[in-house]
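These protein sequence lines map, in sequence, to chains A and B.
Under the numbering used here, the first residue of the first sequence carries the number 806, and numbering increases by one thereafter.
Under the numbering used here, the first residue of the second sequence carries the number 806, and numbering increases by one thereafter.
Derived from the structure by calculation, the hints contain no laboratory data.
Because the structure is a prediction, the values reported are computed rather than measured.
The reader is advised that the hints may include incorrect statements.
Just so you know, same-sequence chains aren't split out, so a pair can sit in one copy or run between any two.
[To be verified] In silico BS3-like cross-links for lysine-lysine, where the CA-CA straight-line distance does not exceed 30 Å:
1. 899 / 923
2. 1001 / 1120
3. 1001 / 866
4. 1036 / 1001
5. 899 / 850
6. 923 / 1120
7. 1072 / 1001
8. 1001 / 824
9. 1001 / 1066
10. 1001 / 1109
2 protein chains.
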Amino acid sequence: MSERVSISQAAAALREADKILIMTHHYPDGDTLGSGVALCRALHKLGKTARVECSDPIPEKYDYIFANLQETAWFEPEFICAVDIADTRLLGEKLSVYADGVSLCIDHHGSNTLYAQKLLLIPEYAATTMIITEVIRALDVEIDREIATAVYTGIATDTGCFKYSNTTSYTLRMAADMLDYGVDSEMINRTMFDIKSRARIELERLALDNMRFYLGDRCAIMCIMTDMIEKSGADEDDMEGLAPLPRQIEGVWVGVTMREKRDGTFKVSVRTGSHADASAICVLLGGGGHVQAAGCMIDGPVDKAIETMLGAVGKVIGE
Amino acid sequence: MSERVSISQAAAALREADKILIMTHHYPDGDTLGSGVALCRALHKLGKTARVECSDPIPEKYDYIFANLQETAWFEPEFICAVDIADTRLLGEKLSVYADGVSLCIDHHGSNTLYAQKLLLIPEYAATTMIITEVIRALDVEIDREIATAVYTGIATDTGCFKYSNTTSYTLRMAADMLDYGVDSEMINRTMFDIKSRARIELERLALDNMRFYLGDRCAIMCIMTDMIEKSGADEDDMEGLAPLPRQIEGVWVGVTMREKRDGTFKVSVRTGSHADASAICVLLGGGGHVQAAGCMIDGPVDKAIETMLGAVGKVIGE
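Produce the entire structure from the sequences given, and follow the hints as far as they go.
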């Protein structure tokens, strides 16, 4: 069980520390990387030894966040800080050795499993980089364009460029502050939200070909089969962001993306609006998640998987 | 030639006026409708007779902007205000009779043709609704949730949900102010940016099938033929937002969307990033526009149209 700390207490703990290892979660995204790099840059400005680590390779598109980040020689960490990591299972292979020694966790996931000695948790914030910003301000470190770039990235990616309901007026104002530090938001937004690989476009085309409508067109199911992934040449990164597609279609209450794994089972992502509870659907199938976004695993083959899925969706939307 | 006026001068002119006709542009979008409705609601709050008109039918997705807008019986206008209209040619058929009698134009297009008696023009602002907000504040009208909803819609749509380079810190702060009035930004963002008709999805699929790469993959051309439009059942509204697709592909400098018209000519939209000038390409073909977004018309048939297009693109990107 963690001791809950405030912004100023977290800042005090960091001020006293040195040789700080900052851990980001595996399958890294803009918020964990933005949080890690923003904090690391701030600690460097205080003259501290600090570095950011991730169990997985960092996708190239995040390179700009790391630009000119001071290389730090290997050191035995004295203080370990986890950013945007709700559960030690998300540390990934390389960093899992530190699971029991996390000094401070800074996070915005309400589901945080309280694994760190100290926990700074603000679930009301759209992004962990917003909490990091307040910590940096409490450390009296001047925010510069590089820190602001990392912070903006976290806010933009975790809000879908300010599109999701987690975007509050404070979210927009903090993003505005970052633009005032000279952030190139157009480049970031383009990199994060616009550019798609040709493999991704090809996969999207194949997946749309394979979308079917059920339950009076209120449920759309898009199946992504292994042969489609191979044919398109898509990699893990290209798969990101496919799940919302079925839900975007007019009249659809429940959008389902079913991705075939190599062992023939299906990884299922369910997205809903205000008419249906995605979590309730996935719980029926042994999964879970949020009201508008949830997931589960289902056995194949595909026809049986669709039937299983429709059974659960029908029960929840009352068909 | 218009007399350029300030926010307070525009507010003064409106304060003295009554029986105010507010004109929005044809093929209406979120900014012109948001501007018109926000201003109209504010004028109603001052006890004035005012109504918003558009030459074209208003697409259903904008219904929420008009919710509870007071119906006003027909009146002969004594003061005519054009919002977000750069040129009287954009008035459309029904409103064109008022082209020579516009008392005040409130606009953010640098290309405004100065047709109104008074012109309040702020090209630095991402949306005309931002200027309208300042006018409403100068009129001492309290902004409420309904006005804020109209204003937010204009800002969100004209910035691509804060994605484009016209988004400044002031843009974000004004949007933040609107959220503080209780705007349901999630509903608006979902309605404006997420929901697609089935016809649109079908058209997108057919259009992606028809995308080809040229000039070392730096130019992508997507042809939308009349039979594809018919087959998908897409209408004018469904066509919106297709133009950026080719440009979103990794490595593409010049994205071209060519839409076949019934007479066999092609309406061409060119989108570029920082590597190429869309306007320079379209000027070569008798069109024009901005550096990153421009357009022109080309004669068919399709193979000849592509050849013509590639000639112009090659000249500009130096192939």
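Structure-based check of all given hints:
no. : hint        : in the structure
1   : 899 / 923   : within (22 Å within a copy, 66 Å between copies)
2   : 1001 / 1120 : between (36 Å within a copy, 26 Å between copies)
3   : 1001 / 866  : both (11 Å within a copy, 28 Å between copies)
4   : 1036 / 1001 : both (17 Å within a copy, 27 Å between copies)
5   : 899 / 850   : within (27 Å within a copy, 63 Å between copies)
6   : 923 / 1120  : neither (42 Å within a copy, 61 Å between copies)
7   : 1072 / 1001 : both (22 Å within a copy, 25 Å between copies)
8   : 1001 / 824  : neither (38 Å within a copy, 51 Å between copies)
9   : 1001 / 1066 : both (23 Å within a copy, 29 Å between copies)
10  : 1001 / 1109 : between (32 Å within a copy, 29 Å between copies)
Consistency note: the structure conflicts with the earlier hints numbered 6 and 8.
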